[in-house]
Structure formats: structure tokens, C-alpha cells
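Undergrad: Here are the chains, one letter per residue:
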Amino acid sequence: DAGITQSPRHKVTETGTPVTLRCHQTENHRYMYWYRQDPGHGLRLIHYSYGVKDTDKGEVSDGYSVSRSKTEDFLLTLESATSSQTSVYFCAISEWTSGGETQYFGPGTRLLVL
Amino acid sequence: QQPVQSPQAVILREGEDAVINCSSSKALYSVHWYRQKHGEAPVFLMILLKGGEQKGHEKISASFNEKKQQSSLYLTASQLSYSGTYFCGTGLNTGKLIFGQGTTLQVKP
Chain A
1 DAGITQSPRH KVTETGTPVT LRCHQTENHR YMYWYRQDPG HGLRLIHYSY GVKDTDKGEV
61 SDGYSVSRSK TEDFLLTLES ATSSQTSVYF CAISEWTSGG ETQYFGPGTR LLVL
Chain B
115 QQPVQSPQAV ILREGEDAVI NCSSSKALYS VHWYRQKHGE APVFLMILLK GGEQKGHEKI
175 SASFNEKKQQ SSLYLTASQL SYSGTYFCGT GLNTGKLIFG QGTTLQVKP
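So the sequence lines, in the order shown, correspond to chains A and B.
Read in our numbering, the first sequence has 104 at position 104, and its numbers run on one by one without any break.
Read in our numbering, the second sequence has 140 at position 26, and its numbers run on one by one without any break.
Isolated chain A, as found in the complex:
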């Protein structure tokens, strides 16, 4: 399972409140990703990180920020949650082998914004 955990696993919050989701990995992977998954849209990249303090935007980054102060932790923050951010959020890491790059996903966080 690539040693990825996410917390919390479920969260209900109200519109306008800040929310932080945590992704923790134990295998010193350099690349980490945050995706959101919504019906009919598949997995969409929010932000990614290629090292400590090195992050970049994905295709749906508006309303989200990230931080990575340690290799093992990648935080996703919704500064002021909106109902459109109700989704399932997955963290992923990249692992390179002779067969190429593979992304492995954490268990996900279900977020409901009321």
C-alpha cells in the first residue's frame, strides 16, 4: 500500500470554514499529489509536490493551497470551504521502477461541505 495514510478519513464541515487534510507517507517518496474525485470527472489533480517546500498547481487548484514542510507530510488546505468542494480527496505518491513511474493512492478522505 506504499505506506500512505490520510487523515481525517471523513469530515463534515460548514461553508466558509477552513479545512486541512493531511497525507502522510513513510517511505521517503519525493513526489506527492492531491486529487479530487467526483462522479463523471474521474480523478483531477489539485496540487502536487516534487520535494520539501516545492509545490505546483494542478488543473483544479482554485480554492486550495498546499504545504510540504517535511518529506513525509503533504497538507491540503481549503481556506474557506464551499459546497462545490464536497468530494473525495485522494493523496498519491510516485514510485519509479524499471517499468516506469507508478502512482499509488492513499485510502481517501470523504469531505462534505454543508
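Note that these hints are calculated values from the structure, not bench results.
Bear in mind that the values here come from a model prediction, so they are computed numbers and not experimental data.
Be aware that one or more of the hints could be misleading.
Stated by the list, open to error - For lysine-lysine, the following DSSO-like pairs were computed, each having C-alpha atoms within a straight-line distance of at most 27 angstroms:
#, chain 1, residue 1, chain 2, residue 2
1, A, K57, A, K70
2, B, K210, A, K53
3, B, K140, B, K182
4, B, K173, B, K151
5, A, K70, B, K210
6, A, K11, A, K70
7, A, K70, A, K53
8, B, K140, A, K57
9, A, K11, A, K57
10, B, K151, B, K222
11, A, K57, B, K210
12, A, K11, B, K151
13, B, K140, B, K222
14, B, K210, B, K151
15, B, K222, B, K181
What the hints assert, rightly or not - Listing some non-contacts, in silico: residues in chain B with all C-beta distances to chain A over 10 angstroms:
#, residue
16, S137
17, N179
18, G203
19, P223
What the hints assert, rightly or not - Partial selection, computed: residues in chain B whose CB lies under 8 angstroms from chain A:
#, residue
20, V118
21, I161
22, F201
23, L211
24, F213
25, G214
26, G216
Heads up, the beta-carbon is just placed ideally off N, CA and C, and yes, glycines get one too.
Chain A is fixed; fit chain B onto it per the hints.
TA: Below, chain B without anything else, positioned relative to chain A:
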């Protein structure tokens, strides 16, 4: 540009075969296939790196046609455990993956 998967959904009986296609409007460097069970995380199946490459994983295999910018996933003699949603992820020259919208596969006894 999100790759397009077809069909969107398919229902099979055990033992039947299925093909899931993934097409991109942009040049592809790699194609990644994942399966996701309901309520779970996507699980990596295989990656194809070169045009014309084919790979197999038990009774699940895939091909990659670089010229046509498409990949196909083949499921033969399907089992109940194959049920789930299949995603292709296309690797561009940016190193990031762009995922298709998914194909839901249901295998019935």
C-alpha cells in the same frame, strides 16, 4: 485535456470478454491503467511506456498505439472480482498524469 474512455459502462456475465478504450487528443508518453472498487482507492494495474507495447496481468492485458494516441485494456474470461471502475491515466511530457472519466464494469454470475 482529459482522455476519453469508452464505453462509459459495461455489464458482462462471468467468462465473457470486454475491451475498454482510452483516447487522447495529445501525444502520449505513457498510459497507466487503474481499477477502483466502490469506496476504495484506485489500484495500479499496469503501465505502458512505448508505442505498440503490450502487457499482461493475469487475464487482463493492454496495448498502446502511439500513432493513434490510444490504449486499450482487454479483460478476458471475466470474473466477479473484475467488477469496478477502470481508469486510464495518460502521461504527458510534463510528467503529470491526466485521468479519464472512468469505465464502470459490472460482472454478473
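Undergrad: Please go over all the hints and tell whether each is borne out by the structure.
TA: Quick rundown of the hints versus the structure:
In summary, the hint linking K57(A) to K70(A) is supported, as the alpha carbons are separated by about 19 angstroms, within the 27 angstroms threshold. Under the criterion of a C-alpha separation no larger than 27 angstroms, the hint pairing K210(B) with K53(A) is consistent with the structure, at around 18 angstroms. Distance restraint check for K140(B) and K182(B): the Cα-Cα separation of roughly 10 angstroms lies within the 27 angstroms cut-off, and the hinted pair is therefore satisfied. Proximity of K173(B) to K151(B) is assessed by CA-CA distance (about 18 angstroms); at most 27 angstroms being required, the pair is judged to hold.
For the hint linking K70(A) to K210(B), the alpha-carbon distance of about 22 angstroms falls within 27 angstroms, and the restraint holds. Distance restraint check for K11(A) and K70(A): the Cα-Cα separation of roughly 24 angstroms lies within the 27 angstroms cut-off, and the hinted pair is therefore satisfied. A hinted pair counts as satisfied when its Cα atoms are at most 27 angstroms apart, and K70(A) with K53(A) qualifies at roughly 8 angstroms. Between K140(B) and K57(A), the direct Cα distance comes to roughly 20 angstroms. Compliance with the 27 angstroms bound is thereby established for this hinted pair.
Under the criterion of a C-alpha separation no larger than 27 angstroms, the hint pairing K11(A) with K57(A) is consistent with the structure, at around 24 angstroms. With a C-alpha separation of about 15 angstroms, the suggested pairing of K151(B) with K222(B) holds against the 27 angstroms cut-off. Only pairs whose Cα atoms come within 27 angstroms are accepted, and K57(A) paired with K210(B) is accepted, the gap being roughly 11 angstroms. Straight-line distance between C-alpha atoms of K11(A) and K151(B) comes to about 21 angstroms, which keeps the hinted pair within the 27 angstroms bound.
Of the pairs offered as hints, the one joining K140(B) and K222(B) is violated, with about 36 angstroms between alpha carbons and a cut-off of 27 angstroms exceeded. With a C-alpha separation of about 23 angstroms, the suggested pairing of K210(B) with K151(B) holds against the 27 angstroms cut-off. Our distance criterion of 27 angstroms between C-alpha atoms is broken by K222(B) and K181(B), whose separation comes to about 35 angstroms. Taking the minimum C-beta to C-beta distance to chain A, about 14 angstroms, the non-interface status of S137(B) holds against the 10 angstroms cut.
Consistency note on N179(B): stated as away from chain A, and its beta-carbon is indeed over 10 angstroms from all of that chain's, at 17 angstroms minimum. Annotated as non-interface, G203(B) brings its C-beta within 10 angstroms of a C-beta of chain A; the closest such distance is 7 angstroms. The beta carbon of P223(B) is kept farther than 10 angstroms from every beta carbon of chain A, the shortest such distance being approximately 27 angstroms. With 8 angstroms as the threshold, the beta carbon of V118(B) stays out of range of chain A, its nearest partner Cβ sitting at about 11 angstroms, so the hint is violated.
About 5 angstroms separates the beta-carbon of I161(B) from the nearest beta-carbon of chain A, less than 8 angstroms, and the hint is met. The criterion of a C-beta within 8 angstroms of any C-beta in chain A is met by F201(B), whose closest approach is roughly 6 angstroms, and the hint holds. For L211(B), the interface hint holds, since its Cβ comes within 8 angstroms of a Cβ in chain A; the closest pair sits about 6 angstroms apart. Interface restraint check for F213(B): the shortest CB-CB distance to chain A comes to about 4 angstroms, inside 8 angstroms, so the restraint holds.
With its C-beta approaching chain A no nearer than about 6 angstroms, G214(B) sits inside the 8 angstroms limit, and its interface hint holds. Hint status for G216(B): holds, given a least beta-carbon distance of 5 angstroms to chain A, under 8 angstroms.
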